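Peer 1: Residue numbers (UniProt numbering), protein chains in the order written: chain F, 1 to 173; chain P, 1 to 178.
Each hint should be verified, as a subset may be incorrect.
[Claimed, not checked] Where chain P lies over chain F, by a calculated footprint (3+ residues, C-beta under 8 Å):
#1 34-47
#2 57-69
#3 110-122
#4 139-146
[To be verified] Chain P stretches covered by chain F per the calculated footprint, using a threshold of three residues with CB under 8 Å from any CB of chain F:
#5 34-48
#6 169-176
[Unchecked claim] In silico DSSO-like pairs for lysine-lysine, Cα to Cα no more than 27 Å straight-line:
#7 F:K137 x P:K160
#8 P:K82 x F:K2
#9 F:K45 x P:K55
#10 P:K79 x F:K3
#11 P:K132 x F:K45
#12 F:K45 x P:K82
#13 F:K3 x P:K162
#14 P:K160 x F:K45
#15 F:K45 x P:K33
#16 F:K45 x P:K162
#17 P:K160 x F:K3
#18 P:K55 x P:K79
Simulated from the structure, these hints should not be mistaken for lab results.
Treat the numbers as computed from the prediction; the structure is a model and nothing was measured.
Just so you know, even glycine gets a beta-carbon here, dropped at the ideal spot from N, CA and C.
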Amino acid sequence: MKKEEQFNQILSENSNRIQRICCYYNSNAEDQKDMYQEVLVNIWKSLDNFRGDSAISTWVYRVAVNTSLSFTGKSYKQMKLIVNTDTQNLNSILDDEEFEAKQIEEEQFNQLQTELNMLSVIDKALISLMLEGLNMKEIANIIGISESNTKVKIHRIKEQLKTKLAGGVYELK
Amino acid sequence: MNLNNQDKIDVNQLIGKLQKSDKNYADICKALKAIYWVLTPLYLIMTIVFYIDTKEINNMLAGIAMISCFVIFLVILNKYQKEYNGVDYSLPTLLMLKKAAERYQPFRPESIWAIIAIILMDIGFYINSFNKIDFLNFHIYSGSIIILSIIVGLIIWYNKYKPLRDNALASILEIEGE
Numbered sequence: 001m002k003k004e005e006q007f008n009q010i011l012s013e014n015s016n017r018i019q020r021i022c023c024y025y026n027s028n029a030e031d032q033k034d035m036y037q038e039v040l041v042n043i044w045k046s047l048d049n050f051r052g053d054s055a056i057s058t059w060v061y062r063v064a065v066n067t068s069l070s071f072t073g074k075s076y077k078q079m080k081l082i083v084n085t086d087t088q089n090l091n092s093i094l095d096d097e098e099f100e101a102k103q104i105e106e107e108q109f110n111q112l113q114t115e116l117n118m119l120s121v122i123d124k125a126l127i128s129l130m131l132e133g134l135n136m137k138e139i140a141n142i143i144g145i146s147e148s149n150t151k152v153k154i155h156r157i158k159e160q161l162k163t164k165l166a167g168g169v170y171e172l173k
Numbered sequence: 001m002n003l004n005n006q007d008k009i010d011v012n013q014l015i016g017k018l019q020k021s022d023k024n025y026a027d028i029c030k031a032l033k034a035i036y037w038v039l040t041p042l043y044l045i046m047t048i049v050f051y052i053d054t055k056e057i058n059n060m061l062a063g064i065a066m067i068s069c070f071v072i073f074l075v076i077l078n079k080y081q082k083e084y085n086g087v088d089y090s091l092p093t094l095l096m097l098k099k100a101a102e103r104y105q106p107f108r109p110e111s112i113w114a115i116i117a118i119i120l121m122d123i124g125f126y127i128n129s130f131n132k133i134d135f136l137n138f139h140i141y142s143g144s145i146i147i148l149s150i151i152v153g154l155i156i157w158y159n160k161y162k163p164l165r166d167n168a169l170a171s172i173l174e175i176e177g178e
């Protein structure tokens, strides 16, 4: 298969995935589009190295996360993690029952959003992958650390958020 | 963020641009290599011819120094071309960051070879201009140019690449830490 065809196939199968990752890191449409384009450029550059050792979705996530860490034109430390209220796996951070029972209260959500943005770039990357519904093994595979280390890190992030949101309505799993 | 037809057209344009960019870079590297491939045998022939004509060992030594310099630069150019083509964003994040930190070092082990090549070029030029220019003056000029080049390189590195390296190192530390 020609590089161009392979690229188009990856794009048609993973376009939504890439768009979601871009939305996690950018609040305005223009920046999302810029990052989307940057991810596509990096997919193109890395395509020759794809040997099918991992699932194509994992491979695409790697490129997207790595691009988010080195996204040119954006201030590295000011990178924000934007979580939308319709994010499918938000209940993996927040307790489902509490979450649904209380509906989504704007100020509580904002508080969570603020706390998520206080996280380090790496922690944001871990959370964004968790929000995508990836399991620990897949996340470990993308970041390049052991599964147990990934579990420890995500547990620590949850604990950190739990402490900061203590007194609030949210219960963290 | 949803892609409409316009965005899909942009993606097609992007592929065209990427292919063009790949081709342009490959063409630049080919042209640079071609210069070295032409210069090296040309200098070799000139060195041999001059030596046969003059029987002067200095001419031969200068030629050997210059040829060695060209060969080293050719090898370095090959290595950097491979490295550029090898920047892989699909590596596990930790590995990608480690490679980036290594890539953005101000002085890399292979810099030694570049320095050796510059010294050889300096020797070659000096032998060629032996008896025409004072040793001290020659090295004040050539040394100044080399030091100035290093300073300019370091300023560019400090402003452009050091922040990237610092960020990569901080992220590595964070990922590897418990």
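Peer 1: Enumerate the violated hints, using their earlier numbering and listing them in ascending order.
Peer 2: 5, 7, 9, 11, 13, 17, 18
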